[in-house]
Structures are given as C-alpha cells and as structure tokens.
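Asks: Sequence:
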Amino acid sequence: MVAAVAVGIWAVFVAVLSQFGGWITSQLLLALGLELPGITWPIIGAVAMLLAGAPALALALIPRYQPAREAGRVWSIGAVALGLGTGLRAIPGTENEWYLFALAVWAGLAAVLLRRRSPTGFSLWGVVAGLLVLAPFLWVGALGGWLDTLLAIAAAVALGALVASILDDKFWDAFEPGKAKRIMLGGLVAGVTLALVGAGAGGDGAQLLLLVVLPPLGFAAAALRNAGPLIGIAAFGPLAFFDPVEINIFLIEGDVPFFAIVAGAVAWIGALVAGLFYGLGSNLLARTRQPVAAVAATVVALGAGALYAFAGQPGLYGDQLFVVLKEQASLEGLPTTTGLGSGRDARVAAVYQRLVEHAERTQAPLRAELERFRLGYQPYYLINAIRVAGGPEVRAWLELRDDVDRVLLDQRLRPLPRTRPATAGAVKEPPDRPQWNIEMVGAPEVWQRGQGKGIVVGTSDSGVDGQHPALAPGYRGGDDSWYDPWDGTTFPVDSQGHGTHTLGTAVGGQLIGVAPEAQWIGCVNLDRNMGSPSYYLDCMQFMLAPFAKGGNPFKDGRPARAAHVLTNSWGCPALEGCDIELTRPATDALAAAGIAFVAAAGNEGPRCGSIDDPPAVDPSAFTVAAVNEQGAITDFSSRGQPASGKPDVAAPGAQVLSAMPHNTYDRLDGTSMATPHVAGVIALLWSVHPELVGDIEGTYSLLRGSATPVEGSPTCGDLEDGGAGIVNAARAVQQAGA
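Heads up: the sequence shown begins at 302 in our numbering, then just goes up one per residue.
In case anyone wonders, no lab produced these hints; they're calculated from the structure.
On a predicted model such as this, the values are computed, not experimentally measured, just so you know.
Hints may be right or wrong, so weigh each one.
[Said to hold, decoys possible] Here are the simulated lysine-lysine pairs, DSSO-like style, with alpha carbons at most 30 Å apart:
id: 1; residue 1: K729; residue 2: K754
id: 2; residue 1: K754; residue 2: K850
id: 3; residue 1: K627; residue 2: K856
id: 4; residue 1: K471; residue 2: K482
[Said to hold, decoys possible] Simulated DEER-style distance windows between Cβ atoms:
id: 5; residue 1: Q1036; residue 2: L701; range: 50 to 58 Å
id: 6; residue 1: E882; residue 2: A665; range: 18 to 26 Å
id: 7; residue 1: A727; residue 2: A665; range: 48 to 56 Å
id: 8; residue 1: L414; residue 2: L330; range: 53 to 61 Å
All C-beta atoms in this analysis are idealised placements derived from N, C-alpha and C, irrespective of residue type, glycine included.
Start from the sequences and build out the full structure, keeping to the hints where you can.
Replies: Okay, structure coming up:
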C-alpha cells in the first residue's frame, strides 16, 4: 500500500502543477500582450496524462492487494480524463460555450463506455451535500447567458455521470467490509480521482476551482457509496457561476478572481464538513427513509434558491456580440474649419450628422430583423456597428448576412456581490511646487501666457472623483458633461482611481496638472479593469456629441458641446473582443471633427512591436510612450512596429504624482500616466493659439518638431521606442507663434 500512497501523491502533484503552471504561464503571457498558443494545452494534457497515468497503470496491474489495484484503475482513468479535458482548452477561452459543449460530449460518452455497474439508487443525501457546496457560488458568483448556463448544466451532469461510472459499486466493494476502511481509505482514493477529473474540467481558470472543490468530496462520496449527484451539483458552481476568461490577473484585486477564491475556499470547507458528518452518520443515513431524505433535500434546495435570489446576483449575464457593418461612412467633403467659435461647432455637427444619417440608413434592414426576432440591440454611429444580445447561435446567423463585415465578442463582466470601495492614494497632501514631470514637458514656462482656458479635455477611463479639490473647479458641469454606461451614475465618481489620476495630470490644479485652467468632461469606459468594444465606443461617441442622462446618442447629441482634446489611457485587446482595425473608423471620424485623440502606447514593453492593440495603432491616434525622470524610455513602455509611425511622442510615465479618490494623491507608473501630459500640452497650445484648434495635422507636427530626444540607447529603434521624443509645451507654443 506504500506504493499506492506514493502514486496517489504523485498524481495529485501532477494535476496541481500542470493546471496552476498552465494558468500562470497564460497570465504572464497575457501581461506581456501575448496569448498562450492553443496547442500548448493539448501538450500539457498529454504530458500530464503520461506522468500521472503510467504509475497508476502499473499500480492497477502489478499488486495483488485489491484496494491498491482498484486505486490504480480509477487513477489511470482519471489521468486520461485529465489529459483529454486539458487538451480541450485548445478551444479559445472566449468561446466557453464550445468548451462546455465539448466537455459535456466527451464526459457523457466516457460515462457510458466506462459503466460496469450503476450505483444503487439516486442519492438524495448526495443532492444535499452538493447543494451545500454549491451555495457559496450562488452567493458570490453570477450566471452567464442562457446557452452558457444550459451547457454548464450538461457538462456538470456529464461529469457527475462520469465520476459515478468510475467510482461505481465494484470500486466501493474493494474497500469493504468495514465502514471506516471504505470512508477513510476509499475516500482518499476517490479524492485523488476527483482531483484528476476536476483538473481536466473547465476552461482555463475554472479548473482551478474544480481542483479545490471536488477532491474533499471523496469522503462524502465514500460514506454514500454514490458520487453522481454529489459531484454533478458541486461541479455546476465552478462551471456556471464564473467565466474562465474573467479569472485573470487584470481583475485580481477585489474583482472576479477574489470572489472565485472566496467561493472555492468556502466550498472546500463545506465539502470537508459534509464528509465528516456523512462519515460519522453513515449508519444513520443508511437507515433514513427516502421521504425524510427528500424533505431534507427540498429544504436545502429552497434555502439555496433563497440565497441566490436575495443575496446573490440572480439573472443571466452573458457576453454579447459587436456587429461591424461592411459599409462605413465616408468622411470626404466635410468642413475643415479651424479655430474656436461657430465654425468649429459647424464642423463637428457636420461629422455627427453624416455619421448618424449613414448609420440610420444602412442599419435599417438589420435592425428590422433583430426586432422581428426580438433580439435586444444597441446601434452605434461613430463606427457603423450594432451591439446585439446573443450567443454563438445568433453569431452564426449574423455572419451569413451580406451587410455584415464581421462579428466580434462584446465581453461583459459578470456582476459582483458588492461594490468595490474607492481606492485612496498614499500621499495625503498636494505638492508645493510643480513636480519633475510637469517641468519636463515645459508646462510652467507657458502658464504665464495661458493655462488651458477655453479648452475642454474629455477623459474616458475608470471614472473621475468629481469632488477632488484638484479637479472639482474644472468640471464643465451641466447635464451633458458626465456619462456612465456601466452604472448610470449622474455625477463624476471613480472606484479605481486610475481615471482620477490621469485626468489630474492633464488638467488638475494644485500644481499636479499640465493645463489647470482647462475644463473637463468625463465618461466611464472601464469601471472594472476589463472593458468591451461597446463600452469604449459609448464613451467615444459621447465625446463627439454629449447628451443628457437617458438621452439617445442618435437624436440627442450636442456636437457644439464636444470636447476639444481626448485623453485615452486604455487599450482594447483581443481578450476584450477588439481586433486591430476596430476603432480606426471612430478615431478617423474624431480627427475629421477636429478633435485631438491622444492614446497610451501600452505597458507591454520592452518587446519590439508590442504596440498592437487599438486605439494606439490607429493612424489618427496620437500615441504616447513613457519616459522616466532621466528622460529614458521605461522598460514597460510598449514599442512600435518598424515604419509604423508609432509611438508618435513620449511623455513622463514613471512615478508620476497626481490625484486619487478621497482627496488623496499617489505616484503611479504606466503609459496611462504619460498620455494625459500630451493631452494637457495640446490644451495649453490651443489655449495660447486658438487658431490651431481643430488643426490636427498641424498640431501633431508642431509637437513632433518641438520634442526633446529621449535619453539612452534604443531597444527597438529611436522611433519605435519613443517616436519623435518628449513633448515640450514651451517650444511648441514658441514655434506656433514663429
């Protein structure tokens, strides 16, 4: 039996190492802007199957001791389940419906093929224990769409059937006679089997929860001699209530991964408690009549339902689709008026009207079909696109239409059980003099001539603390200066602090901002650290034609109230649903309206070519790299492709002091911090030289021509690292007046 113990420990080690190792590797690559190649998971699965399965197979064939042989048999099968299930993760994580379908099919077929003898009856006490383990997922998790949920049910049922076929009556007979032997020894063997099966089930991230939740249920299964209903119900929680894509490092702080850990930990404790009580009370359970067990199961089921309805997040929260139409609006023949005043207003209005008319006309046939099928939708005009409520089945239909160019995933985060508290900064007092970053871009030298007055800067970010003393005076106000498509707030708020910090650098008072007399408007496109094409476009449209709360962007937009300069410290990677061309029509349209669009290069350096997500790649975006206090490009700043013209310029992005919620301040790193410097410099330039307002090419040319070369040796090339160099407001203003 010593050999069996060693093989069991080894099998669990392989299961844990392969799954946590694969997940951590995928997350590290994600942080670098890369994806784990799809072939990696089948390779991991094959290696894990061999490493865990070979010793288990030997254990099944060599010893004469029947419990050891039976352990080897079920662990061999578990190793195959580990390998096959892991290999299914070659299906992209954003297509979890297909993964669940494949899991349900193979697990169901395996359950039928492996069946030797069915367990005796249907265990209602297994239902009770399964519901107790499911309860924390009902509390802190949230379901996806209807198809996700149905497929999760199918996959959970198939897993329960598979485990029932593996841990059948013949398996439990090997650990008889004696209740203690069956529960302790058989429960341990069953736990190892469940670790192997659980590690091979669920998308990348969900398997970690199953790896925690299922193994301790081996003792309860041993007490009941029946694992099917118990495992099926318990597996439903990790499979249904958390989207594997959302279990990622970008959301690790107080978001989905945190609550997934909470659910997994509570479920693990519940599984152990169930095993303890069922083990101690196994004789009583065996003598209990079915009606009593049925009443117990009903009471627990009603309690679980009440927990979900009143303390959970009831409802369906599936991802949606972002449908890009083939015919995008032409920007030819539009006004090119520069300067402030009525001419500028007419120019923005002309772009708005052109885009709205085009979208209304070309979207009409598709909208009619969506209404006929009663599919919810939200149209857009800045990109000729429609967000549609639907899953893979709707996507397949849309992709067949002649007027549709492509259909992208519109990633929607599932709700959290509580609102996250606003993040405060570590610094309590504002600076008493301009900091190095403000000095580096030459802002103080311009302040005697102008500090941004007359210019409106628009921010699309996590939000803004509108009560912060550095920002409150500059808020434009009115009913059309704030839009929150996430939570519907009516006054600027910010739970993350990211947006407060970036806007503070652009227009903040208290010596933290480049253009402290510029006004600002704001929009929440990234309330949590994972967005979607539609959220990003919601805010971009609002910047072109703001509207009052509850207004229709197509009918109630006010182009005369458009922002002049936009600061955008965000990017939309494939994980969120974007492709590299998605935002280009939008940034082109904003440029046609004379609105400067400043974008962060990204934080995926020093890899060459790491500027690869929109909007940073868009020709009409003015893309910003980050430098440190010594004027050298930071390691994290993303680098451009050769001859791409990206980044355009650089600005301070290391240890930048700016505003944070709760009247605090902090020093943060990132090209997110560099970007608002450039937006602020444009605000200064346009404030001093209002004739340049709307002259996008002329303004960008001035900023490039007046930039200071970056320090240090390039890693990918001077232009690919830092573009034209570090922006300098004083020299740009001087050259504009020459």
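Asks: Hint by hint, say whether it matches the structure.
Replies: Hints versus structure:
A threshold of 30 Å between alpha carbons decides the hint, and for K729 with K754 the separation of about 28 Å falls inside it, so the pair holds. For the given pair, K754 sits about 26 Å from K850 by alpha-carbon distance, which is consistent with the 30 Å threshold. Using a Cα cut-off of 30 Å, the hinted pair K627 and K856 holds, with the two alpha carbons roughly 23 Å apart. Restraint check for K471 and K482: satisfied, since their Cα atoms lie roughly 15 Å apart, inside the 30 Å limit.
Separated by about 54 Å at the C-beta atoms, Q1036 and L701 satisfy the suggested range of 50 to 58 Å. Distance hint check: the CB atoms of E882 and A665 are about 24 Å apart, consistent with the given range 18 to 26 Å. For A727 and A665, the Cβ-Cβ distance of about 54 Å falls inside the hinted range of 48 to 56 Å, so the restraint holds. Checked against the given bound of 53 to 61 Å, the beta carbons of L414 and L330, roughly 36 Å apart, lie outside it.
Hint 8 from the list above is the single one not met by this structure.
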